[in-house]
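Visitor: Protein sequence lines correspond, in order, to chains A and B. Going by our numbering, the first sequence opens with residue 1, and the numbers climb by one from there. Going by our numbering, the second sequence opens with residue 1001, and the numbers climb by one from there.
FYI, nobody ran anything at the bench for these hints, they're computed from the structure. Warning: the hint list may mix true and false statements.
Here chain A is said to cover these stretches of chain B; the calculated rule only asks that three of the stretch's residues, wherever they fall, bring their Cβ under 8 Å from a Cβ of chain A [stated by the list, open to error]:
hint, stretch
1, 1030 to 1038
2, 1105 to 1117
3, 1515 to 1526
4, 1774 to 1785
5, 1797 to 1810
Listing some non-contacts, in silico: residues in chain B with all C-beta distances to chain A over 12 Å [what the hints assert, rightly or not]:
hint, residue
6, K1086
7, G1633
8, A1766
9, A1900
10, P1965
Ideal Cβ placement from N, Cα and C applies to all residues, glycine included.
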Amino acid sequence: MTTQDAQPGPPGVMPGPGEPVRWLKVIDQTRCIGCHACTTACKSENEVPLSVTRTYVKSVDTGVFPEARRAFQVTRCNQCEDAPCVAACPTAAMFTRPDGIVDFDKDACIGCKACMAACPYDAIFINPEDHSAEKCNLCAHRIDSGLEPACVVVCPTQAILVGPAGGSPAASIVAREPVTVRRPEKGTKPKLFYRGATQATLDPLAARRPAGDTFAWSEVQRGPGQVVSGHPGGGNSSAAALLSYDIGHRAPWDWRVSLYTWTKGVAAGTYLVAVLGTLAGYLSWHSALTVWAAPLIAAVFLAATGGLLVWDLEHPRRFGYILTRPQWRSWLVRGGVILAGYAAVLGLHLLAWLTGSTGLRQAVAVPGVPLAALAAVYTAYLFAQAKARDLWQNPLLPAHLLIQAGVGGSAALLLAAAWWQPSAAAWLEWLLLGTCAAHLLLVLGEAAIGHPTEHARLAAHEMTRGTFAGLFWAGFGLVAAGMTVPVAGAWAAPLALAGLAAYEHAFVQAGQCVPLA
Amino acid sequence: VDLEKIGARVSAACADTLARGETFYPGASRVHLAAFPPKERWDDWTYLDSRRAARRAMLVPTTCFNCESACGLLAYVDRDTLAVRKFEGNPEHPGSRGRNCAKGPATLNQVTDPDRILYPLKRAGRRGEGRWVQVSWDEALDDIAGRIRAAITEDRRNEIMYHVGRPGEDGFTERVLASWGVDGHNSHTNVCSSGARAGYHFWMGIDRPSPDHANADVILLVSAHLESGHYFNPHAQRITDAKARGAKLIVFDTRLSNTATHADHWLAPHPGSEAAILLAIANHLIQAGRYDREFVRRWWNWAEYLACEHPEAEATFERFEEILRGLYADYTIEFAAAESGVDAAVIAAVAEAVASAGTRLATHSWRSAAAGNLGGWQVARCLFLLNCLLGAVATEGGTFPNAWSKFVPRPVYTPGHPGTWNELTWPDEYPLALNEMSFLLPHFLKEGRGHLAVYFTRVYNPVWTNPDGLTWVEVLTEEDLIGLHVALTPVWNETAYFADYILPMGVGSERHDLHSYEQYDGQWIAFRQPVLRAARERLGQPVSYTRQVNPGEVWEENEFWIELSWRIDPEGSLGIRRYYESPERPGAKLTVDEYYAWIFGHSVPGLPERASAEGLTPLEFMRRYGAFEISAGVGAVHEQAVPPAELLDIAENRYGRVYTRAADPPGPNVVPVATPDGDSDGRRPAGVRVDGVIRRGFPTPSGRLEFYSGTLAGWGWPEHALPGYIRSHVHPAVLAPDQLVLISTFRLPTQIHTRGANAKWLNELAHTNPLWIHPADAARLGITAGGLVRVETEIGYFVGKAWVTEGIRPGVVACSHHMGRWKLTTPADGPAGPRQVAPTVDLAADGGQWRMRHRAGVRPYDSADRDTRRIWWGDVGVHQNLTFAVHPDPISGQHCWHQAVRVRPAADGDAYGDIAVDTSQAHAAYRDWLRRCRPAPGHSPDGTRRPYWLMRPLKPGRDAYRLAPDSAARDR
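This is chain B alone, in the form it adopts within the complex (with noise of 0.2 Å):
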């Protein structure tokens, strides 16, 4: 390649951009070389490929989706081939800014997986015999909408149900189940974040925490944020600045985690002691007046409380002050100390930093501890107590409400919200869950509580995912029970193989989605688009369905859910269709491309004006940049005064809640937080009276931060009001002796989940999940390194193998949760699944008693992608949440996961990868778990199934919550 030939075309430098006015993007090594190549060339960049071969190429930005922190993504469109080479991030990202984690590079793995599904199929022998035949997209969208309209003019919507794994979009399904009046969101949240949502909720109305981590002096993870879970590569950026610039790190996580090991203080505790070492620090601020007293005094709810629970009580700060310091006082640091495990000195000097962070403490808890214990939801709010003691809420380096980081622009339509209520999914005996009891759903058609016509689970592996898979698996090959199962999903997987349809839906840069998360303390939306659509639109070549351009016949969900709408109702007789036509032709099928220009010309702010200003519409800016911030440093909301034209016919109530007659503006950013009442005059609720003037406030019934939820108390918990330590279902006093605590939920920064399936890069990196053990625990149960161990939970076991590691407490073992896929045996002509991640396996059952094993490993096999004869890797791992029962937290509804075992040398004939479980004793578990709740009838206030405060996906009317007749006399 002669570089003088390709001339400038080739150079991204420093001094040739700026001659030629374009825009560099400096890099980490800040010289003059770029990070990425200008943007006034991404539509025809030259450049050389590690051979030095000179390709032409078009940069297309799309958006991640192989985790929720939506990064930006570059996707390599070669000019000649029209194939994506490969891709990178998006400088003009601002939550990402153009950076990755190992997954962001892997999505071209998925793009050219050669075991993925690329036609739609239908079933054709029973259920999970693996028999498919290819289908017409027409054929299963007239069959799939025919049930549907069926149901829905035969008045049973609750059977249509619409199951997501992660949604990766805000709020465009939700709206297409309330477009169709059913109540059928049901989500994977419970086995995931609500424990720390609940938490969250209960402090202030909305249920995220939005750390401004580049900012803070102290940063205190509940959590193993610098390397997983939700937002991990933009918040490793910021905490990594953070702690460069001289701010602490202090992390909770019981195993050695990537995290852990760059804190400045990493602590082990016993899981489910994390409450009870943040109430510790809290009573240290507490006692040693180290709070900030007027943010108390100001926003927390403090009034309210002492008039409810110390009615005696003069209603002063000071008296309330002296109360606090009573209400913590047992939470010594020895206390915490002999709860967690964890060294006083050490706690006593995590609490030192805290107190010293004043309104700069960034903290964190999202799945985690939140997600493992009995009462786990009670961490997160511990953890929130801290900076709502320090006034660290909304302050620079504080921790933000996620909503107010988050911009979700108004779509054209926003259909009303149904009318049904669904109790497969919000049942009666969970009031206070924050999201639908998704994975109890398998026990409740098992008792009969109802059945489905249409179950769509979309990107969403119950089977794997979830506690208790072979109930699932019970449930799923039960005609009776679940009508039609239609799964939407890119790869194969352990649900899909128990479905009637198999549509094949596309990978991150097939698709379009729409999202914004909370980063930084700002707001920005991320596009992600079919980059093959968009450069075919960019060389003039219009595309009318993204499966013209996807491989095979592979879609999107935007098309399908507005084609399979349209057919549910193709008169408009049903009120359905109107939402799904063309705001620009009367009486056509709405467009994607109509969708968002709409969207991006209505709805978000500045960027018609920025667009405009480089000569685009605002869709086509979008489809160049993929990015938008709308603004930063947002600040503190709560403390914005309202303004008068907001207060009309105001009424007060005697805590300083103020209501309004005046209309609530509607906004572009629909963003979903909590919905507090309204007065009894029919008032809404405004904002609420801080030392006399107005303010916003926090969607809570008060207005206030809620240190005491009235909800609680009111609902059946009292004991709960206040954030408190609850002590976990694992604690060492309720196991037995030879018990350990099995950490069953931790992830690793470089796979995916059950959507990774065959990502090569990633796969050989991390492809199995052997068992974390303490030397001291393996000597005294003579289990060697590498050695097969036998895991007996509740229900079963699995046999697994032993990593002996210093990384993990003793009496503690953990297991990754991403590997251990299978796949059945099947047919010859059958499916061949995901062949990199995924041994065959025997499945049989006996009654309740279910045995696995394997029966072929992974190895090399012939494909279009030469790499897969390469594959060296045999050990995929063992899926122990096979053997896990289900545990429903009474109040937050989560899962939780962590589980009480029995470890053991495995036994003769015990082989790797083994799995037993008895779904009986699965059942049994469930009931046993059902006793801990305090159901709505009898418990509810005012007759009600739920706080209608409370947040929830889709929200039916205010009739649908009054609770059935009947529900009162079901016998429990």
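Extracted from the complex, chain A is given alone in its bound form (with noise of 0.2 Å):
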């Protein structure tokens, strides 16, 4: 029985001074009537603006007339022990305070959507007044003032309960009743613990998603960006589910991020190819294609990839905050490091141009070597942080990019050997048709193998047959067309490349379209 008594007077349970709170969350499902008293509140007390939400109340109706039934789901920031969306902030914008409550600082964002891409449960957003991300977070600012959260509140039917987890009644209900945390598997730990849930709200692909484009009192937001919730296929149960009110989602990396990891692999492919080549005696120290082609052309690109990251910040003048205020389990600020480490490789070897210095060219290829290797690869460790996408989950990926890298620097060198050094471009083509060989088999294997979570296979089947099969089909043809390198020569370079984009855009956006709430 977990009635709260409504007799005035102090509580039971009380901390002492001094003690540490470790704040836990129960939303009791058995008592929530769907009235979205909480999103109201919410959007009041925390001055949420229309279009975003902090919490809200999903939706799910199950069972066919007349037994069928509503269930809800109020969803909202689970307050993760183990929060993927600070183990990704750059910045420490997102962090956990030492009583548990994951909160976020403004002031530090700098808007990557890191912590977006990395949230299971699609509980953050970018606030369209300040542009910085934020999302649940239990209130802290009432909660330091010894006041309850604004949901809990307002509740009529107190089906919100907050408490320490050393005791509390919100903490009997997790030790004693059979609770339920949203997606377990993403090894997240939610302090958010929902009492009678049922597996058609807590399973984001459990309930069908609606044919037309209205859910049952609400518009359902489609468009460019947009992650419509629901399985858009029969649902994940049987129970046969279907999503009667969910909110507008957004993925939240778009084309800037595609391109991004396209012009990083040119980057770094193309002085990896033209070291390693000339380590292996196809170029020579002095050719003009390792002197300075090479390093101009990777340079330029390496370029046009901060230009790119930045302008994909919501705060593009707070950047220099990867760097002067670094979160280092981040892979953005790690991959910050290393792709600085490798712009101050390009630099030095371009000095050598300007100087004439071998002896600095082939010095700064002994760090300049893994340092572009590392820039190929460390966008699939950033990827992976991004826990809520299963599709970029892939043990491969590392691999895969560094061939990427091989397909962008291969095909760049050999346009600029076409030009420049005619000489270099007969084993530039091999390696173009070789890394091209590795590149489709990879993504074959992507479109052809099956996939261990729904979410992947979903992510996968609109990636291959979905929205994104024309853009991954174009890709995979031109890559292919690429292949006949030995043949058309450099005219099939440009078409590798363009493939290797087509691809990276296909993959990046599939990657986020599976709905996470």
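Using the supplied hints, reconstruct the complex from the two chains, each of which is provided in its own coordinate frame.
Guide: Next up, the structure:
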């Protein structure tokens, strides 16, 4: 029995002075009537603009008449003990307080959306007024004043409770009753526990997406960048579940991130291929490609990479925070350092060209080769840190990115060679052929193989047979066309490059197109 | 922000609060966090906003106006800017207990709505053309007052009419009309709750139920009261607590509501069959002998029933029981199952659950089936029959008559009721209608039954809310029929487009009102107040009129009516002014402060003492805390023995009704109840003798619960004298094979009806009303999910979208009544209207053939609120009510909302939101339903228009009740 009695007077549970508190939250769906009081109370308390929301009540209709039922899920940040958003945030704008609340600092946020990509619950959004990431933070400002969160206070049926994990009615429910959390397989250890929630709401793919353009009383938001909730097929549940209300969700990373993976691949690959080709004896330390063409192409693409990254930020002027207030677990920070290091390598290499110093060129290659390789590969770790996106959790991704860098690098160098150093074309053609083949092999594997989770399967399905199929197969065909390079020569290189770009976009967007809430 | 620096000022935590000797408000979590700041600090509370900026606020209570529950709100008025920053609940409010639904916090949206009306406006072009000029309040008041004065002095009193949507107050405006001597009160009740009211009223002389959900063992709702309707937040709190305690919840609802989903037993009957199921349950109780024999014997008017209907029978209770066993014997569970389509095993389980409840059966019906069906009033009557059988009336966990859980304090003046009878609202055809025949008004005017000189619509939008709105448009544009239309409204609405004056009145936090509602076994009052006025006064800045603090020149109705009444009778020669004079300052105009100070000081038991204990005047106390509980645990008033002082020269009729010559002691609570007649010697009813003791009983003619209604029997409806089952106008037997039933009335927990307009947070949550249809029906009719459908009624059609769902009975479709707002194409400089919810439409008529088509949808727009650029929804629903003909129930007068419709995929050329209506067919439908009536002439047993004892908001003198000499001869 968990009825809260309504008698006035002080509560039985109070931590003593200095006693550490670890907050947890219980949402009792057996009491929730789906009234959305929490939704508007939160909008009011936290001044949340239209089009975004910190909390809302998802609803799913299950069963068949007359045994139908509607299941609710108050949907919001899970206050994870092992919060992916905190790990992914480059500037510690998302952080875990000593009392366990996952909070955010709007002044530190650069707007990279890594937290949004990481959150398996799609609970974070960019506030359109201040352009910083935010989410439910348990009304930390109220808790710090000794007040309950706004949703707890407003709830007509007292379906929302917070309490110290060390002893409180909420903690008793967690300890003694059958409670559930959303998506435990993500290993985030949510501290928001649901009592009486059903799989039909907990699993974002259990309920099917309505066919038309409305839910039961609200429009379905569709359009570019929108992630429509619900399973696009028949639903991942045998319970005849239909999503009857959800809010609009957006994919965090748009075409700029897709393009960044491509420009960065070319930037890393060009230098890597040139230097490795030199070490292997296909080029000399004095050949045009090695001396200036490769580093110059790499530098241009690296600059474009940086430009895209900054452009994608909601706070572009805070770009430097990545280096001035780094959060080292973030692959955005690690990647930033790698790219900075790689930029320095390229700078020195170009300096060696200007000064004519072969020694410098050779010396720079010592850190240069691993840095270029890292620059190619680190994005796999960045994507993997986006725990929400199953498609990106691919152990072959580092290798694949290296191969893609090979495609990009050999294609770019081939074009340069055609102009400046035709003698180098032959081995570059074979390298392009080989990397293209390897790339297509991996891509085919992605398309053909089964996936361990429904999320990954749906993402792969959208990539190869759904929304992004055109792009995906165009990319496939163009890279395949690139394999005509031994015959077509340098003319095939742009085809391979374009195919790679198309594939990157399909892969990056498909990874984000599966609903999480 | 340095928390240390703010120090204790910002702490509401338990230990700190208790250490300061202040009030700790525990919250749901039952930990050291408070739900609200201590009330001792409400004057000057420092808090952190969500950006961690320290802010100083004054916490000022008021009452939510977004439904009829009257939940408490606390406005956070910024001490620096004197702007309201947010609304939370009021922990001092005994009904809502600090909690709110989604609509409470959204009050802020209404305050800051960029499209609201800020100044009095006067029509500049034709009515409905959309041209307006700003006028002063003085100009508007003088014009309106002059016309009213002329109507009064020229004895055209019936040409003055006030038509109210949701009152949100208890009796203020009724007394204004009484003071003018006009029978001009018109309400929305007959499109809302009068069906249920009639059912309850015939039982107990009180027209509303007050279920004690918190203590019930079984809760039976013929409604969606866990999420919508009257008292949803207060009731949801108590129902949920009861459920957690183990109470069983039974819900009748043809569509899957949020309430149904929480039910232990969800019954989705064919619409209109609810009473059949209830009678089958009753029959189960009767046949199994599982009713409370003592309660039935003591409190039912069975003796009167036997005497009137079975004069040959022995007048014993045992004989009555024998007859009772026969009365409902045909209502077997199998019969109910066949009528309703509900599985017999489910009905049997429900009957068993009800039987097990004993006196802890809480039941409730308000709109729902009672408002949907011909004979719907019998649904409420049959529901309350279960309480009456089980003795679960005014018991712990049972259902109370609402008047015992409600307190309406007597004001300083109670003007006598008018001497006239307005046949436009109380026509002879409907002698038993419990409320005004409001939705027939345009047909009455069209028929030449009268015309109006001054017609007020007040937070009332008949063009949109009522059935047959285009007939309203036809009449509202006819200046011969309505001389002056004054719309009192905070926001644009479809009816206000056809007004002559639009007078902006404050939203929930910008006005004074006093009310009390039955939400548990106790009585409380809640005070709505203009929070900025209260805040300024706390700062020592007196305010003489609320419009000085409201946005623009927005005013409030209390002050408006005082001012208008004063101008109608500036010299006092008409006898009106005296009701608006200060009780303290003879000859001076009454102020709202004086009005409420008098009430709180004189008519609220316990309040002066409680206020004085805190060193406050009663008015200061109410301004500070917003609500006051007068009593809890009122219990069974009907069982109270009548004190000997009230029994003077008593007489008693053959059934034990006791009459007295002692005057009725003027109590402070003037809650409306029925007024049963006295005896022929001029005594008034005092009580009823039960087993030798004279008890208070019920305000019915018999003083008992009227299982048998002599009123219905005597006024031409003997076949309905007992609780019974009337087959609905949408019964399967009367539907054509290709017709379905449309349920058009269901509500969402997140919307406010017509007054909501631009509550942006609510509109973002819910903004469209697709047609719910079962997959089997959709497949049969070739309708796809999300596809356009044309829904054809008897007078036209509308084009909407399909929501294919398992949450609706096959053969039935449903469409929420909230959405489908619209605005007319207006001149470029015309009003924008509520741009978040209303598309611009083209509306044109060719003869009575009307067509509406969406011209421009809802889209983002620039305004003072940056959020309006972020409006992402464009589909705001379709206005189905325009396509409904009027269906007045011949007894209760309730509009029977359910529609027999044909649903098909939209035709070529149909566009979403299209409406087509033929108003000549609408008028024919009205004439058709009128033929079902049994008018007072020809059926009145005593030559009066209406049984005098029935409740009536304004009760003319007995002379006015006499039928006009010519009325019997009038062509029907």
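Visitor: If a hint holds in the structure, say so; if it doesn't, say that too.
Guide: Now for the hints, and whether the structure bears them out:
1. Note: the stretch 1030 to 1038 of chain B has 8 residues with beta-carbon separation from chain A under 8 Å; the three-residue rule is met and the coverage holds.
2. Counting residues of the stretch 1105 to 1117 of chain B whose CB lies closer than 8 Å to any CB of chain A gives 3, so the stated coverage by that chain holds, three being the minimum.
3. Under the rule that three or more residues need a Cβ within less than 8 Å of chain A, the assignment of the stretch 1515 to 1526 of chain B is violated, with 0 such residues.
4. Counting residues of the stretch 1774 to 1785 of chain B whose beta carbon lies closer than 8 Å to any beta carbon of chain A gives 3, which reaches the threshold of three, so the coverage claim holds.
5. Check result for the stretch 1797 to 1810 of chain B against chain A: holds, 10 residues qualifying (beta carbon to beta carbon below 8 Å, three or more required).
6. For K1086/B, the requirement that its beta carbon stay farther than 12 Å from each beta carbon of chain A is not met, with the minimum near 5 Å.
7. A cut-off of 12 Å between C-beta atoms confirms that G1633/B is not in contact with chain A; the least separation is 15 Å.
8. In this structure A1766/B is not separated from chain A by more than 12 Å, as the shortest Cβ-Cβ distance comes to only about 4 Å.
9. Residue-level check passed: A1900/B sits 21 Å from the nearest beta carbon of chain A, beyond 12 Å.
10. The non-interface label for P1965/B is consistent with chain A: the shortest C-beta to C-beta separation is roughly 54 Å, beyond 12 Å.
Of the numbered hints given earlier, the model fails hints 3, 6, 8; all others are met.
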